[in-house]
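Colleague: Residue numbers (full-length UniProt numbering), protein chains in the order written: chain H, 1 to 159; chain R, 1 to 159; chain E, 1 to 159; chain A, 1 to 159.
Since the hints were derived computationally from the structure, they do not count as laboratory data. Each hint should be verified, as a subset may be incorrect.
Because identical chains cannot be distinguished in the list, a pair is counted as satisfied if it fits within a single copy or across any two copies.
In silico SDA-like cross-links for lysine to any residue, where the CA-CA straight-line distance does not exceed 20 Å [claimed, not checked]: (1) Lys141 to Glu10; (2) Lys88 to Asp16; (3) Lys155 to Ala71; (4) Lys88 to Gln75.
4 protein chains.
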Amino acid sequence: MEQTLDQFTELIQLNDRAIDLNEIPWIPQTERAWFKPVRFDIATGRWINLLKVKPGGQVNRHRHTGGQVLAYTIQGEWRYLEREWVAKPGTFVYEPPGDIHTLVVDGVEEMITLFILEGTVQYLDDEDKITYQDDVFRKLKLYQDYCKENNIEMKELIY
Amino acid sequence: MEQTLDQFTELIQLNDRAIDLNEIPWIPQTERAWFKPVRFDIATGRWINLLKVKPGGQVNRHRHTGGQVLAYTIQGEWRYLEREWVAKPGTFVYEPPGDIHTLVVDGVEEMITLFILEGTVQYLDDEDKITYQDDVFRKLKLYQDYCKENNIEMKELIY
Amino acid sequence: MEQTLDQFTELIQLNDRAIDLNEIPWIPQTERAWFKPVRFDIATGRWINLLKVKPGGQVNRHRHTGGQVLAYTIQGEWRYLEREWVAKPGTFVYEPPGDIHTLVVDGVEEMITLFILEGTVQYLDDEDKITYQDDVFRKLKLYQDYCKENNIEMKELIY
Amino acid sequence: MEQTLDQFTELIQLNDRAIDLNEIPWIPQTERAWFKPVRFDIATGRWINLLKVKPGGQVNRHRHTGGQVLAYTIQGEWRYLEREWVAKPGTFVYEPPGDIHTLVVDGVEEMITLFILEGTVQYLDDEDKITYQDDVFRKLKLYQDYCKENNIEMKELIY
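Based on the provided sequences and hints, a complete structural model is requested.
Modeller: What follows is the structure in structure tokens.
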């Protein structure tokens, strides 16, 4: 009997994923900032992570090169030193390629935000020299190293 | 004086956006379901919306054709009739192109989920015929029509 | 010895591909049109194919829903009945989501064009009803069926 | 009279583009290499260009970070020092994020290839330090500067 297109599609399509983020650890990023990986898409270089920053913490001045960034604020307040707006729960942010900014949390509450990233994050010194950069592979290696050091099972987040 | 690449980039790059989703209305989608638009990307056909479904409500059986879907559950519980997993706050979902499913909310709490959509949503009858379809333009028109009927100012969500 | 980020990246990155399209068959699409598959990206729903149309042939009126299309003309001339321009070797075309058009080849030379497609192609009758649609899965099934029928080895074009 | 979805879509959709690449200049990139811009997508950071390299010319060792690359060879032969395959007319290439390679043209014929790029190209010295990088903005500035210096009208390639 001939295979229909619907049968073929069901057979060949990739698996869906439903990931409980409560089961994934927070990985130290800077002194008062952590990320929690959600997805590593190594076919396109995109990745998704939660970011948590304690009051007084920051993500140093950086440029997004080669891709756009989307963010949905879940908890707390944060802003970019270079911008006027303040993100709070329910604020959605779009950052265009080329954007340079410094993320700060001045409030009293820890912020948690979902970031969907394309391209590369380049951290800059005061003279705009790149000090180091984050891409999908660096984030994946940080996750791998953290799991090894802490004897935690890695989830299948490469998809 | 010559323009540096950094100066050029800052001049030419698109504007960032910070959108307070509390200022955007919930738009009726079915009897017990609403969407709240977040972004209409008419250059790529992608769109982003929050979905709210009351207990007992559902999103009828549909196929995602021509793109993948990402979802982050903010509140409540939901599942697909065709799957085993149940999404709750903090569950992240990836749906591959070709996926067919029926979204239901059995719990007692309203669910709210952020959906990032590519491609087209095709609603199917029992014989897998397409009854109608959602794409970035239909969602945008629903938003426009709702704002007109209710005398609400449209936000700039085409970006 | 600790693994550097460069070593990690080289280990984990996907394989590159170099595909000689001369080794892939032309697959009949309509009476005077053929496609030659180049890539089936089932993670995003995108696909790439060459299109060949003989003089007098056409690709019936269709809408691109849920994605954009890029095209690079390699040989011959072609146009859309609904547009003023004529594509010839070296013409690059961008088609936005939502675009509806009918491809015709009036010249004396066979046209060959590289198409990079996102979303879904919906063929429309005179009343704008969808008669059938092409997506990454239908194109892949046509390739599979053609190879089976003609006893041709399928190349690894899912990547 | 009420607006249909088809009417709304036709009204709101972006314009298509048909660009005759013969009207765009070749811009010097290195001593024996030129690029011809096709598209600058500053919303996503992607860009498209033709690359022309004379025999004996090369594109120095570089890494693609934050995005994938697609290439279609139009004329001539080329290869990466780090790979076994040789591209010739009709060879299609996929380069994954993270890939590092050095493009060389050993043949007697000028090569011309269409490249569709995401992310950022980072040129590396012998110790893998970044010497400089190409992104959509640098390519656009090179195009702008070349047109100004040579009194050539810029085409609308930002789309």
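Colleague: Does each hint hold? Answer for all of them.
Modeller: Results of checking the hints against the structure:
| no. | hint | result |
| --- | --- | --- |
| 1 | Lys141 to Glu10 | between (33 Å within a copy, 12 Å between copies) |
| 2 | Lys88 to Asp16 | between (31 Å within a copy, 16 Å between copies) |
| 3 | Lys155 to Ala71 | between (23 Å within a copy, 18 Å between copies) |
| 4 | Lys88 to Gln75 | both (7 Å within a copy, 17 Å between copies) |
Violation of the numbered hints given earlier is absent; every hint is satisfied by the structure.
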